[in-house]
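With positions in the first sequence counted from 1, the corresponding number in our numbering is that position plus 486.
Wrong hints could be hidden among the right ones.
As the list claims (entries may be wrong) - The calculated lysine-lysine pairs, modelled on DSSO-like cross-linking and capped at a C-alpha distance of 30 Å, are: (1) K513 / K551; (2) K532 / K551; (3) K532 / K508; (4) K551 / K508; (5) K513 / K532.
Since the hints were made in silico from the structure, they are not lab data.
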Amino acid sequence: MRVVTAFEQQVYEAISAIPCGKVTTYKYLAQRLGCGSAQAVGQALKRNPHAPQVPCHRVINSQLKIAGYMGQVSGEEVQRKIDLLAAEGVEFDSDGYLEDCSLVLEEW
DNA sequence: AGGGTGACTGCTA
DNA sequence: GTAGCAGCCACCC
487 MRVVTAFEQQ VYEAISAIPC GKVTTYKYLA QRLGCGSAQA VGQALKRNPH APQVPCHRVI
547 NSQLKIAGYM GQVSGEEVQR KIDLLAAEGV EFDSDGYLED CSLVLEEW
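Using the sequences and the hints given, assemble the complete structure.
Structure (structure tokens):
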């Protein structure tokens, strides 16, 4: 049983609160949590005990690129997430970059 | 108690 | 424009 700290809980809550068809960045998310360190957010998602309940694919980096695993798009698992995002209206490039940067939600 | 890691970011060469 | 280095916070061993 993994101990979900308050910080992680906030991360999951924030991600879960992201409206459909929208995405956000690690930086803004971290800033909203009052940390300013996206690395900490990445840690929380890495330890993500909530699985699909927490759509981590909605979180992208500052370069508007999807963060699948190890910061790079590797594996068809991530590709599936991209497809899922596309179904919500968020289309990504074949390189994993967000096509429409206006879909990035900076406040929610 | 201390050190190392990481799904990141930003600056500099 | 591309590549490499340092800084940052939280979690794990």
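Hint check:
{"no.": "1", "hint": "K513 / K551", "verdict": "13 Å, holds"}
{"no.": "2", "hint": "K532 / K551", "verdict": "17 Å, holds"}
{"no.": "3", "hint": "K532 / K508", "verdict": "21 Å, holds"}
{"no.": "4", "hint": "K551 / K508", "verdict": "14 Å, holds"}
{"no.": "5", "hint": "K513 / K532", "verdict": "16 Å, holds"}
In summary, this structure violates none of the numbered hints.
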